[in-house]
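Participant: Below, each chain spelled out in residue letters.
2 protein chains.
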Amino acid sequence: MQNLMANARIVLVNTSHPGNIGGAARAMKNMGVHNLVLVDPQEFPSGKADARSAGAKDILENARVVGSLEEAIEGCSLVVGTSARSRNIPWPLLDPRETAAQALAELSKHQVAFVFGREDRGLTNDELHLCNFHVHIPSNEDFSSLNLAAAVQVITYELRMALLASEKGHEPVPVWGTEWDAELATNDQMEKLFDHMQETLVEIEFLDLENPRQLMARLRRLYVRVRMDRVEHNIMRGILTATQRTLKKLR
Amino acid sequence: MQNLMANARIVLVNTSHPGNIGGAARAMKNMGVHNLVLVDPQEFPSGKADARSAGAKDILENARVVGSLEEAIEGCSLVVGTSARSRNIPWPLLDPRETAAQALAELSKHQVAFVFGREDRGLTNDELHLCNFHVHIPSNEDFSSLNLAAAVQVITYELRMALLASEKGHEPVPVWGTEWDAELATNDQMEKLFDHMQETLVEIEFLDLENPRQLMARLRRLYVRVRMDRVEHNIMRGILTATQRTLKKLR
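So the protein sequences, as listed, match chains R and F. Each residue of the first sequence is one higher than the last, beginning at 1 in my numbering. Each residue of the second sequence is one higher than the last, beginning at 1001 in my numbering.
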């Protein structure tokens, strides 16, 4: 179990209350997850975090602090973001159990990040658009916002339950193909692809940066959701390069 | 759902930290459980409990304070107590999911209590012997003690998941396409898209029809798998048309 959990990463974005960081660390350690990444925390390190961690101080001491979500999820091939249910642009939405099944199927192959937003406002749309799936913890519609550490508890609990079930031979069924012929593209490869795509779309005069509308968001949703493998990623980069080269020859 | 949950009761025994009572109330309200009974709490009511409840103050105000576990579980036909795994006298032991399934089967008939012990020592043997079942939240053996509110979160989350599943008749929830903003593209729209794509890939000299290798098969797998909606389909067609138009202008 330990080896699989080594590929799981909990990312807390812009946390306001250090006590919640400590509570999250405790929940993680209870469930056997050890990698914590903090994106721009408002107060860290902090005695309040240490106190609430109740002995999970090793997780706090080894936590990585970074400046952006992109850095936090670098090298991850599956990124899941916690979300309130309704968004402007709908996204593939899992419940915590489905999320755990999906993650379990992938943890043996690559790094998986679980991203939790701010206490008051969650994740921004831009942050959510970096995620392959969104996970919604089912809750009372009139009182839906869980405490941050409680949300980490639910997700890591489901992860542990899925691992225990699989060790007993009850493999939960993942949502997305586990038998694939090529490794998945990493998050940073995808970001470079989106940069290249945007540049090319401007060159073919399909994208007007003065009036971009929702184009890149729509394309991002399409290509993040499909979970591109590296062969596909290389093909897409090849198509963009060929387009630019042909335009250059003619100009 | 509300009616069934009205028969569920959360009992906290001899809680030391009022913040945990507030955290438990918040977790309960998030999950739609409203009856809280406190057995001899060390500090209650308390501003700390109110603060941590983050708006679940109604649950705290309606909480019943009693002197013994016997009083707290009066009228209940099923009592489940949280327990560390090993006891001197073995007892029927469920995990949280099994507990929720058991409770769900009984909530329509009678009152069900979920009993949580002290932060430092849990429930005594005498208290555990008042319970029909014990529930153990699976956790890291070297760091097994969950925060009290986190434990309430896990149990009430499982209860809610079980209720939601039963309301849906245990139908698995599809991951994709249940809440989407646009209709899916039809098969013939997709075929026209692939024709258009192939034509354009030849024009940008990325595809050589004499030696096509697996390119169109790879692209087909990518775009069929993603289940494109009509907005996305139109964007893709628009990109192909813009590419052709720009090439034409330059030729």
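Read the hints as simulated data drawn from the structure, not as lab findings. Glycine included, each C-beta is placed from N, C-alpha and C at the ideal position. Heads up, some of the hints might be wrong.
Unchecked claim - Derived PhoX-like pairs: lysine-lysine, alpha-carbon spacing no greater than 25 Å straight-line: (1) F:1048 - R:249; (2) F:1248 - R:248; (3) R:192 - R:249; (4) R:168 - R:109; (5) F:1057 - R:48; (6) R:249 - F:1192; (7) F:1192 - F:1249; (8) R:192 - R:248; (9) F:1048 - R:48; (10) R:248 - F:1192; (11) R:57 - F:1249; (12) R:109 - R:48; (13) F:1248 - F:1192.
Said to hold, decoys possible - Chain R is faced by these chain F residues, among others (derived, beta-carbon under 8 Å): (14) 1023; (15) 1026; (16) 1032; (17) 1035; (18) 1092; (19) 1093; (20) 1094; (21) 1097; (22) 1140; (23) 1153; (24) 1181; (25) 1184; (26) 1209; (27) 1212; (28) 1216; (29) 1226.
Said to hold, decoys possible - A short, non-exhaustive set of chain R residues, derived as facing chain F with CB atoms under 8 Å: (30) 17; (31) 23; (32) 30; (33) 90; (34) 138; (35) 140; (36) 153; (37) 194; (38) 196; (39) 202; (40) 205.
Participant: Does each hint hold? Answer for all of them.
Facilitator: A quick look at each hint next to the structure:
no.	hint	in the structure
1	F:1048 - R:249	violated (70 Å)
2	F:1248 - R:248	holds (13 Å)
3	R:192 - R:249	holds (24 Å)
4	R:168 - R:109	holds (20 Å)
5	F:1057 - R:48	holds (24 Å)
6	R:249 - F:1192	violated (29 Å)
7	F:1192 - F:1249	holds (24 Å)
8	R:192 - R:248	holds (21 Å)
9	F:1048 - R:48	holds (15 Å)
10	R:248 - F:1192	violated (28 Å)
11	R:57 - F:1249	violated (64 Å)
12	R:109 - R:48	violated (36 Å)
13	F:1248 - F:1192	holds (21 Å)
14	1023	holds (6 Å)
15	1026	holds (6 Å)
16	1032	holds (5 Å)
17	1035	violated (14 Å)
18	1092	violated (19 Å)
19	1093	violated (14 Å)
20	1094	violated (13 Å)
21	1097	holds (7 Å)
22	1140	holds (5 Å)
23	1153	holds (4 Å)
24	1181	holds (5 Å)
25	1184	violated (12 Å)
26	1209	violated (15 Å)
27	1212	violated (13 Å)
28	1216	violated (10 Å)
29	1226	holds (4 Å)
30	17	violated (11 Å)
31	23	holds (6 Å)
32	30	holds (5 Å)
33	90	holds (5 Å)
34	138	holds (6 Å)
35	140	holds (5 Å)
36	153	holds (4 Å)
37	194	violated (14 Å)
38	196	violated (14 Å)
39	202	violated (11 Å)
40	205	holds (6 Å)
Checked against the numbered hints given earlier, this structure breaks hints 1, 6, 10, 11, 12, 17, 18, 19, 20, 25, 26, 27, 28, 30, 37, 38, 39; the rest are met.
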